[in-house]
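Mapping of the sequence shown onto our numbering: residues 13 to 308, in sequence order.
Since the hints were derived computationally from the structure, they do not count as laboratory data.
From the three backbone atoms N, C-alpha and C, an ideal C-beta is built for every residue, glycine too.
Among the clues, some could well be false.
[Unchecked claim] Under the rule of at most 27 Å between Cα atoms (straight-line distance), these lysine-lysine pairs were calculated in the DSS-like manner:
| no. | residue 1 | residue 2 |
| --- | --- | --- |
| 1 | Lys-257 | Lys-62 |
| 2 | Lys-62 | Lys-130 |
| 3 | Lys-257 | Lys-287 |
| 4 | Lys-61 | Lys-145 |
| 5 | Lys-61 | Lys-213 |
| 6 | Lys-62 | Lys-196 |
| 7 | Lys-119 | Lys-99 |
| 8 | Lys-287 | Lys-111 |
| 9 | Lys-287 | Lys-226 |
| 10 | Lys-184 | Lys-196 |
| 11 | Lys-111 | Lys-130 |
| 12 | Lys-61 | Lys-226 |
| 13 | Lys-111 | Lys-145 |
| 14 | Lys-287 | Lys-196 |
[Claimed, not checked] Distance windows between CB atoms, simulated:
| no. | residue 1 | residue 2 | range |
| --- | --- | --- | --- |
| 15 | Lys-175 | Cys-211 | 54 to 64 Å |
| 16 | Asn-100 | Ile-76 | 15 to 25 Å |
| 17 | Asn-100 | Glu-276 | 33 to 43 Å |
| 18 | Gly-178 | Ser-101 | 34 to 44 Å |
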Amino acid sequence: MYDQESIENLFGKDVLEYLKNKNRGGANNQKGNTYENVFTVYQIALQAKKVLETHQKILVASQIVAFVDDLILDHTEENFRQHHQLKNSQTESWGTGYKSIADDFEKQHTINQELGIKSEIKLVLSSPELCAKLSSSIPDYIQPFTQVCHFHYETSLRLLLLKESGLAEAIKYLCNTENPSTDKIEYVLMALLGAWEGCDKSNISILEILQQVKNVSPSYIRCFTDNAQIDLQVELILAGIEGLKYINSRGFLVLEYEELDYRELEYDCTTEAFKRFQQRVISTNPQTFDELVQLC
Numbered sequence: 013m014y015d016q017e018s019i020e021n022l023f024g025k026d027v028l029e030y031l032k033n034k035n036r037g038g039a040n041n042q043k044g045n046t047y048e049n050v051f052t053v054y055q056i057a058l059q060a061k062k063v064l065e066t067h068q069k070i071l072v073a074s075q076i077v078a079f080v081d082d083l084i085l086d087h088t089e090e091n092f093r094q095h096h097q098l099k100n101s102q103t104e105s106w107g108t109g110y111k112s113i114a115d116d117f118e119k120q121h122t123i124n125q126e127l128g129i130k131s132e133i134k135l136v137l138s139s140p141e142l143c144a145k146l147s148s149s150i151p152d153y154i155q156p157f158t159q160v161c162h163f164h165y166e167t168s169l170r171l172l173l174l175k176e177s178g179l180a181e182a183i184k185y186l187c188n189t190e191n192p193s194t195d196k197i198e199y200v201l202m203a204l205l206g207a208w209e210g211c212d213k214s215n216i217s218i219l220e221i222l223q224q225v226k227n228v229s230p231s232y233i234r235c236f237t238d239n240a241q242i243d244l245q246v247e248l249i250l251a252g253i254e255g256l257k258y259i260n261s262r263g264f265l266v267l268e269y270e271e272l273d274y275r276e277l278e279y280d281c282t283t284e285a286f287k288r289f290q291q292r293v294i295s296t297n298p299q300t301f302d303e304l305v306q307l308c
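Using the sequences and the hints, build the whole thing.
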């Protein structure tokens, strides 16, 4: 993403060596870093709607040779990059001069300007008190492109989901139903974490990460295409079953019978399994809910 020769030409050999050492240390520490990983998949989930519905290409990178490298979101079609530095600590400061947070932010913005890329650079903190302190003391020379944000740290994903409502809402978008259970939200979050931790973090597209999650957990993740439709003949048969309500929820067929029985098909409407289910419905023409359920 960043050419080392350009960095050396802009800032000198010593700065390039500092960045390379910083990258090696960050890559070693990143493995198993729950705070950084959960925040990253939160940002991936936040961008999922843009990626799936408007088909924009957004790349993700972490611990590459850059000044602010914990998480980089590259909005390629908008020529815009969001850099994030994460600190799960109670004692941080902007600092001054070489190797300080403020200097890293300034240099990151400078090299992005040289490349003609718009920048947004964020310091993400787990301490709300530290967040308030550093928000009110951003140095003037980085103020125009710098933000300070708070993101909770918890060892339990369930507790984190309770405290970070934005995280829960972002994950809900990826679930196969609009009102998923807490267990399903937590499961999808864990699947997303697994996909992120197992991928090449140098420059991967969000769509590719989402597709990996879908491949691993197809029955929990929404359909990604716009053509997840139910055959009209099948709809007519379903409409004729007394007491049955059905909806196409994010590409999945959901059945509800007289508010007593609720079923979600485990495969979405684009799969071969769903095609075979529709063929069974058409050939059998079930007249009751019990007959229909036997075909699922």
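Tested hints:
1. Lys-257 / Lys-62: Since the Cα atoms of Lys-257 and Lys-62 sit roughly 31 Å apart, the hinted pair is violated (cutoff 27 Å).
2. Lys-62 / Lys-130: At roughly 19 Å apart (the allowed maximum being 27 Å), Lys-130 and Lys-62 satisfy the hint.
3. Lys-257 / Lys-287: holds (20 Å)
4. Lys-61 / Lys-145: violated (33 Å)
5. Lys-61 / Lys-213: Cα-Cα ~21 Å, so holds.
6. Lys-62 / Lys-196: holds (22 Å)
7. Lys-119 / Lys-99: Judged against 27 Å, a Cα distance of about 19 Å means the pair holds.
8. Lys-287 / Lys-111: violated (59 Å)
9. Lys-287 / Lys-226: Holds, at roughly 19 Å.
10. Lys-184 / Lys-196: holds (9 Å)
11. Lys-111 / Lys-130: Roughly 23 Å separates the two Cα atoms, so the pair holds.
12. Lys-61 / Lys-226: holds (15 Å)
13. Lys-111 / Lys-145: holds (20 Å)
14. Lys-287 / Lys-196: Between Lys-287 and Lys-196 the Cα gap is close to 25 Å, so the pair holds against 27 Å.
15. Lys-175 / Cys-211: 54 to 64 Å: For Lys-175 and Cys-211 the Cβ distance comes to about 27 Å; the hint is violated.
16. Asn-100 / Ile-76: 15 to 25 Å: holds (20 Å)
17. Asn-100 / Glu-276: 33 to 43 Å: Holds: the Cβ-Cβ distance is about 37 Å, inside 33 to 43 Å.
18. Gly-178 / Ser-101: 34 to 44 Å: violated (22 Å)
In this structure, the earlier hints numbered 1, 4, 8, 15 and 18 are contradicted, and the remaining ones agree with it.
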